[in-house]
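Since the structure of chain A is provided, determine the placement of chain B on it from the hints.
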Amino acid sequence: MTSIILAIIIGAAFGATLDRVGATNPSLIGRMLNVTNLHLMKTILLAIGTGSILMFGGQMLGLVDVGHMSVKAAYIGVFIGGLLLGTGWAMSGYCPGTGVCAAASGRKDALFFIAGGLFGAAAYMVTYPAWKASGMLEDLAGGKVTIGTVPGAPYDGLTAMSGDVIGIVLGALLVVIAFALPMSLRTGGHAVPAE
Amino acid sequence: MALNWKYGGVLLGLVFFLAVALVKPIGVSTQFVILDGILWNAINPDVVTATDDGFTSTNAYLAKSGGKYAESVAEPWNYSFVFVLAMMAGAALSVFARGGLSREERSIPELWRNTVGDGTAKRYAVAFIGGFIVLYGARLAGGCTSGHMMSGMMQTALSGYIFAAGAFAAAIPVAIFMYKEA
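Note that the protein sequences, when read in sequence, are chains A and B. Numbering follows the numbering used here, with no gaps: position 125 of the first sequence is 126. Numbering follows the numbering used here, with no gaps: position 130 of the second sequence is 125.
Hints in this document: simulated from the structure, not taken from any laboratory. Note that CB positions come from ideal geometry on N, CA and C, so glycine has one too.
Facing chain A, from chain B, some residues (calculated, C-beta under 8 Å):
(1) 10
(2) 105
(3) 126
(4) 163
Chain A on its own, in the form it takes in the complex:
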């Protein structure tokens, strides 16, 4: 029951935040990806950096349970899947999370995105054995690995350096990039930053 209440609270906060930062708006996604307005890119980089610093800082102080980490495996299919997702993301202006939020916000095109997504996921369920047999789902570089070795985590590190310190350093780096990134890399009709 507690987990359902947390799902409602954190899920609702996530959905509302995605709306407020503009991530559920395909126009802002499109202008980020055609690099005419990087406002949303700066938001995302700052968010990942902030999350990283807080999480690893909290783990170092013993305030955050390391057991909550969930690292996904690295394999060739991650890159190929990333290429596919990126293509569809640019075409539609939606990714899975922002698509469902946009549909709930009244965007009709997002309903078509979700319908396509359900068919796409089903197509993967049916073709999964072929991918499995291809070897492209085999672990790369140890599979479920982090850059440093996180104390108390069940994941191997690519390096023996302290995963907590590395996490804070990389988080800080993302924050610096978020600040350093210009508002636009190309001129376009809507290169003006959002308020």
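Relative to the frame of chain A, chain B by itself:
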């Protein structure tokens, strides 16, 4: 208008932190598989079946990793599925609170209207095809923008960086080709 990136970024980062501090990292795309499984199992109840120590499926993907997806299909009122429903409610309330979207925007987003045109059939067809490719890719990769890119990079997971590299390597050229605003 969108929140200034400094506030928006910190706010979004806090939500990601809250999720991992209290429960686990955020992820969304798996729930498309779970909903597919629920629909499929409703049509053919033999797809997901109970075993002595859990659930399994006639579909190899639902049955993998000890049948954890099969279990979620059989018992969908779990954290991750409710999370996605709550996301939708949260986004809808937020949009409503700021006055809702215009009729034009609900039909076709502004950038699309400016660059591709105002035909709804084309927009909806491309949104459908885009959705198909996004979810096929997300399941192949084992996660999406939320699970791999944001949650993954936040945890310094190697897979998160690989995924982000692939996603932007494809998304940027496609968007530059498709959306040319005067």
